[in-house]
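Let the hints inform the model, and build the full structure from the sequences given.
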Amino acid sequence: MNKNWPLWEIFIRSKAGLNHKHVGSLHAADADMAVQNARDVYTRRNEGVSIWVVETKHITASDPDDSDQMYEPAKDKAYRHPTFYDLPDELKHM
Amino acid sequence: MSTELLEQKFNEKIDQEVRIEPKDWMPEKYRKTLIRQISQHAHSEIVGMLPEANWITRAPSLRRKAAALAKVQDEAGHGLYLYSACETLGVERDDLLADLHSGKAKYSSIFNYPTLSWADMGAIGWLVDGAAIMNQVPLCRASYGPYARAMVRVCKEESFHQRQGYEIMLTLCKGSEAQKKMAQDALNRWWWPSLMMFGPTDADSKHTEQSMRWGIKRFTNDELRQKFVDVTIPQAEILGLTVPDKDLKWNEERGHYDFGEINWEEFFNVISGNGPCNKQRIDARKKAYDDGAWVREAANAYAEKKAKKKVA
Chain A
1 MNKNWPLWEI
11 FIRSKAGLNH
21 KHVGSLHAAD
31 ADMAVQNARD
41 VYTRRNEGVS
51 IWVVETKHIT
61 ASDPDDSDQM
71 YEPAKDKAYR
81 HPTFYDLPDE
91 LKHM
Chain B
95 MSTELLEQKF
105 NEKIDQEVRI
115 EPKDWMPEKY
125 RKTLIRQISQ
135 HAHSEIVGML
145 PEANWITRAP
155 SLRRKAAALA
165 KVQDEAGHGL
175 YLYSACETLG
185 VERDDLLADL
195 HSGKAKYSSI
205 FNYPTLSWAD
215 MGAIGWLVDG
225 AAIMNQVPLC
235 RASYGPYARA
245 MVRVCKEESF
255 HQRQGYEIML
265 TLCKGSEAQK
275 KMAQDALNRW
285 WWPSLMMFGP
295 TDADSKHTEQ
305 SMRWGIKRFT
315 NDELRQKFVD
325 VTIPQAEILG
335 LTVPDKDLKW
345 NEERGHYDFG
355 EINWEEFFNV
365 ISGNGPCNKQ
375 RIDARKKAYD
385 DGAWVREAAN
395 AYAEKKAKKK
405 VA
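If you're matching them up, the sequences are chains A and B in order.
Its first residue numbered 1, the first sequence is counted upward by one per residue in the working numbering.
Its first residue numbered 95, the second sequence is counted upward by one per residue in the working numbering.
Hints listed in this document are in silico derivations from the structure and should not be mistaken for laboratory results.
Each residue gets a CB set at the ideal place from its N, CA and C atoms; glycine is no exception.
The reader is advised that the hints may include incorrect statements.
27 Å max Cα-Cα, derived DSS-like pairs, lysine-lysine [stated by the list, open to error]:
id	chain 1	residue 1	chain 2	residue 2
1	B	126	A	3
2	B	250	A	15
3	B	250	B	200
If the Cβ cut is set under 8 Å, some of the chain B residues that face chain A in the computed set are [to be verified]:
id	residue
4	385
5	388
6	390
Chain B residues, not near chain A, derived (Cβ > 10 Å throughout) [as the list claims (entries may be wrong)]:
id	residue
7	127
8	152
9	154
10	155
11	157
12	365
Encoded structure:
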């Protein structure tokens, strides 16, 4: 039996109050080992206070070929941003 | 979409400095080039642990020992970042390792030289890691996202490696006559192999042009080598050591140091497997892999058993 350990994606919270951010991936036999290994590989210099691990096969990603139809529609909707609206200079706070 | 159109879109992205991500379409040759380069880089990190590991138990103080341990541990980490980046291109870790063990995949020629004295730990940190940083900093802007991101992490950590090496050299150079001699001897042996780390001259480098077109490489081998010589000579002067090159002199007109001809015969000889330690290094890697087989299997068996219990 020679089976590669499955691949895990690693997410680290760098400090309390911030979100977990993807930092990379690694192989481990199970979730506990993935957390242990992530601690050794990705937090040797105080990079984190919390670790999430997700087996790579459980991640569903959008298809880059669909990028145009997915994200193009947002591009011409400047009115969704506050700077779209003209307000007088006298107005100091809003 | 036709292959031509896909390729055109890919080239536009490269020209606009838009990063390529794993699921994006890429030319097969781009993928192959990346697999070759990233795996070679990963192997270099892992094999690079061996010459230094030899000195962990022989470090002259607890401070030096802690630094050596941390450095070697970093190298293991760097190898892992890079293997993971490589795997996003659709290769299996085991296949990459098999290529290292069979000799099909290369690693940096520098790690085929022996570490004979403690001063070698200083020279390796100063010169070998110095040369590696020179190579790696531009790779943080490589066109392939996972590679560039791995390199950012590597570069952040690598800086301490060079500084601790230089500190070792500095301490030896300020020490007794014998210690200074040891430092000079290490410089003598590591200088030329360090220059070789940048690879063949631009005229002989078969991958450079294409890799630059693809935004994998940002500078040529000769450009990086020159940069390395220019920053390293003043560092040697501070140490009071002599760089073993009789042709080395400042060229006012070029604004760079001129340096002597590299022994390319030696370089190609070491690359093709005939360096002083090639066999020893690969044997050590194979042994580690084979001796670890039962651990990998046992971990799998344990994970399966636990998963079954959860279901039940």
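Here's how the hints hold up against the structure:
{"no.": "1", "hint": "B:126 with A:3", "verdict": "holds (24 Å)"}
{"no.": "2", "hint": "B:250 with A:15", "verdict": "holds (19 Å)"}
{"no.": "3", "hint": "B:250 with B:200", "verdict": "holds (25 Å)"}
{"no.": "4", "hint": "385", "verdict": "violated (15 Å)"}
{"no.": "5", "hint": "388", "verdict": "violated (11 Å)"}
{"no.": "6", "hint": "390", "verdict": "holds (7 Å)"}
{"no.": "7", "hint": "127", "verdict": "holds (20 Å)"}
{"no.": "8", "hint": "152", "verdict": "holds (23 Å)"}
{"no.": "9", "hint": "154", "verdict": "holds (24 Å)"}
{"no.": "10", "hint": "155", "verdict": "holds (22 Å)"}
{"no.": "11", "hint": "157", "verdict": "holds (18 Å)"}
{"no.": "12", "hint": "365", "verdict": "holds (29 Å)"}
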